[in-house]
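Colleague: The primary structure of each chain is shown beneath.
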Amino acid sequence: MTRNAARLSQAHVAFIESGGTIYVASRDGALRATVAYGLGCRVSPQGDRVAIYLAASCCGALLASIRETGTIAVCFSEPRSHRTLQLKGNDAVAREPAAEERTKLPACLARLVQKLCDAGVPEDLVRAVTSYDPADLVAVTFSPIAAFSQTPGPQAGSRLNI
Amino acid sequence: MTALARPSLISIDAIRSCLEGVNPAAIATCSADGTPNVTLLSQVHYLDADHVALSYQFFNKTRENILANPLATVQVIDPVTGAVYRLSLRYLRTETSGALFERMKAKLAGIASHTGMQGVFRLLGADVYRILEIEAVPSRRLPEPVARRSLLSAARLSCEGLAACTDLSQLLDRLLSDLEARFGIDHAMVLMLDEDGQRLYTVASHGYEASGVGSEIPMGQGVIGVAARECTPIRITHMTSDYAYNRAIRAGIDQLGLAGALETEIPLPGLPAPHSQLAVPIMAAKRLVGILFVESLDDLRFGYDDEDALSVIATQLGMMIQLFHAGAAGEESAGSATRRALMQGAAVTIRHYAIDHSVFIDQDYLIKGVAGAIFWRLVRDYVESDRTDFTNRELRLDPSIRLPEISENLEARLVLLQRRLVERCPFLRIEKTGRGRFRLDVRRPIKLLEMAEGAGR
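Protein chains in written order, with our numbering: chain A, 282 to 443; chain B, 5 to 461.
Incorrect hints may appear among the rest.
Stated by the list, open to error - Facing chain B, a subset of chain A residues (Cβ under 7 Å, in silico):
| no. | residue |
| --- | --- |
| 1 | 312 |
| 2 | 313 |
| 3 | 314 |
| 4 | 338 |
| 5 | 339 |
| 6 | 410 |
| 7 | 412 |
Just so you know, these hints were derived from the structure itself, not from any lab.
Quick caveat, the model's predicted, so the values are computed rather than measured.
Quick reminder that beta carbons are idealized off the backbone N, C-alpha and C, glycines included.
The shape of chain B in the complex, shown without the other chains (with noise of 0.2 Å):
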């Protein structure tokens, strides 16, 4: 077999589909002293051109035969062709933590459910492997479907739109119109890292029956957190409760019913039993500035291709939003003209809690954090100089909102301002007025009440 040192005609970019854990694959391996064992394996994992990584579960044999003689052949198959191929492989490492061993461990708690495993298949370790060598094995093929879809296309027709937007509000709208008309993807949401990079708020969605905008998800939470904390793309590609994030610890915080207290939690948007879940890391010059989230209620609705797809929109996203912000430097900084709308109905009353932002419209919450900061300076200025009129530079500066100089964030929370007051607070809006700038509507007269530092709710 000279052939193991030749370089493969086979590329396993070509038939990644065979490493999704549809069907299991086989791996044999040599114990040194010449005794062969084969065994079933759960998870063929592509990591680059050259390389897979195979799921540890347990010590065992196999195990035990590659860290004595590292060579190995693992045999897949296409789930849908039947096509089968021997890969050639040579053991290198196991990694136990960081990116591809979280990837990895996603994906199998969605093959151990799917398979009646859950609680059996536990990731100890991703064996990296290097690819000697790929065979197609002959065998009776059934024919390749249909594509619904060309994802190369409608990633290339998604970023020249995505280009083509010039505030952070019209970026997401695109987005989310262009995943539902060119992906068929009819969830997705997408996050923001907060000031603090402990949360991701939630700043726009489409497919659900609310919102969920300004919603937060703790950082390495779930799919979302756990794609967030290592900055790459987590899928998983059937059902599982083990990344159901945060919609126990939902439940549970209703039924305290906490008695007196005003929530202040907007609940997550997303399917109740996602089957395919995908979420990828939005960088900025190698920052996480968020995470694009999409799901589906079909098994293996996202594959590699999908994960790719969306990586080079989320890549564009990142761009662009580090765009706007450079661009933030050239906003116009006039803008103190006052306008009073035509009034109607009785006043509200519009509290401010100073210890964390949050802010009530008489008793629904609306918002907290640094846009609960940025609304209460704009009613406060309304209210005491007639003021309608802001731009995003006296923001940026203002001390009391405390905004980091690096962040993204002004617009992000100015979107999630803009979107909350639609939804709830349809007398209260801020309409953009030009290029760093935005007018404060109000409709309604307001009052407003200052809750100082250690006032309970």
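Chain A on its own, in the form it takes in the complex (with noise of 0.2 Å):
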């Protein structure tokens, strides 16, 4: 893996903005990977850095892994076409949100909400589990240094140009 910070293409950050399943992963110091979903994405103008918004409460131990360790793997995915994007950065930091990014959030979250329902998921079933207590709201910021495609298939795990 490259140490290099590079900037997103536009077409991986228009993906990645789009609205699908997004799954946050890091590791603590004994290379116990954990995981946990979050609910929104947001990629810096430059294209150079990413921040996910996820529930603080449901996800502890990949908190205190990335303090721990800074290391994140995010996984974005598209409900219906399965076409599946991992992004991976090794200066993972965990802050508050700025006002501004809680406000941009429900679009987001509305986005995730369409295209789960649109893949057949039960609407109630995707509100209960994209629900949030704002003041539980905790975002976390890397540079993606590789990119891998996801989508299943026999090139699934292969490395993108970022």
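Given two chains presented individually in distinct reference frames, assemble the corresponding complex, making use of the accompanying hints.
Modeller: Given below as structure tokens:
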């Protein structure tokens, strides 16, 4: 894995921000990985920093691992097409979301709700899973240093140009 | 995370509804150099109280990681309540054949079709993991819906009903009516393993236009054949063409036309496009006796609990079948009374082909194999010496029928023959007259025609 932070291409940014499902992983000092789902994401205008928003009470172990090691892997998946992209980084930090980020999250979540409903997941279930307490919200940001395709098939896992 | 060493407080048995593959799970692993990886996972399969198996479909980073570092975390979601659980796991081994592999392969076929991934999802292995801990992730949950029925109560009452049956025919009828009344299962059939262990034949069914009694399916074919070969339940939760058992073959035979040849195939009953299918082996003293098969037009009709309930019933069935077989030693042996019933109508010709014991009533196929041999023996005795009353025992000892000593099949073959006669030949009936005794009731004059070995149809 290259250590140089990169700028994500516009196509990757568009896909990441399109409102698919988001799963975030990190690992602790004993190489134990953990996972939690993200509620939304945002890429910096320069394309070099990605922010993922999560409900802190749902991901204690993840936040602890991020604090301990800074490692992160995030997969973004489009529920209907199964198109999936994974980003990795090693400088992840958790912080309070800015007021502007809080304002924009509902629109991001609405896209996720729509996509899951389009894929046949019952709406009440989607709304239950995506509900959160604003006071519980946490942002995890990182600089992507590698990207991989994870769309199911023999090409899954192949490295992509950022 | 010292909790990894502690036994889990939440049992995997209690959250099996999360493991039906309705929503994808996510798995996080870590490479030897400390890079985490996260990906979606189509199938987390319940194996037992301490283990799950994950579908291995592609050699990807997850696979590479768990071979180097066996610790993984999987997040699953209840498709009804939205409850989320995190499973801490340790990879143990990969199975590439056998019961677990076949169960996951069949289920994956349904999941793949449902998610538009048919032809993409292909099971390479079943990765078995030990469950280290299960964590309930705090989340808003929807209320649990009220269950339509208690499967445990239905299983108990059905077992009690089956235990009260005194012969196989009664047992099968009771089973199928209980499946409908107590479990709401509208489409079901029971197949028995034939003498050489190569095929299963339908001995009873419920909910189909034609009963299909006497139809056969080879070992290893489709949901039923695979369940029989592996002696394990096979369950599919969505419609898939991968396991469309033998209708395609059947259509091919029909298209060939086979001019001049008389049909000796009975169509297998079954829904043309089942969304849920479950085949449960019926075992007796560790030997496969047959398969209980149920299906539905609804997705996700049969879950882990249904599989457990029907497995309990299949165990009871197996015990009863074994009991009837063991009790056969006490069958009454007398019985050569004759009785000519009132004859009506023109004579029919019954032809018997020695090569496969197939029997035709005029031009219509009736039965073949062991049941055909039994039938031929009965009608021959009837024509030659006016006999109408017979015993199971004499059939068991008859070298021309060639029943293996250990087989429970005589009863099943008699039930099959009896039911085929009801459907195809109403003027010939087999009626039970006592324990291990029955009567051949003939209502039309019959003529017998023996076709020698080598005689073509």
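Colleague: Each hint needs a verdict: does it hold in this structure or not?
Modeller: We went through each hint and held it up to the structure:
Because the smallest distance between the Cβ of residue 312 of chain A and any Cβ of chain B comes to about 5 Å, under 7 Å, the interface hint for this residue holds. For the restraint placing residue 313 of chain A at the interface with chain B, the shortest Cβ-Cβ distance is roughly 5 Å, inside the 7 Å limit, so the hint holds. This hint holds: residue 314 of chain A has a C-beta 4 Å from the nearest C-beta of chain B, less than the 7 Å allowed. For residue 338 of chain A, the interface hint holds, the least distance from its beta-carbon to any beta-carbon of chain B being 5 Å, beneath 7 Å.
Checking residue 339 of chain A against chain B: minimum C-beta separation of about 5 Å stays under 7 Å; hint holds. With a cut of 7 Å, the hint placing residue 410 of chain A at the interface with chain B holds, because the nearest CB-to-CB distance is about 5 Å. Hint status for residue 412 of chain A: holds, given a least beta-carbon distance of 5 Å to chain B, under 7 Å.
Taken one by one, the earlier hints all hold for this structure without exception.
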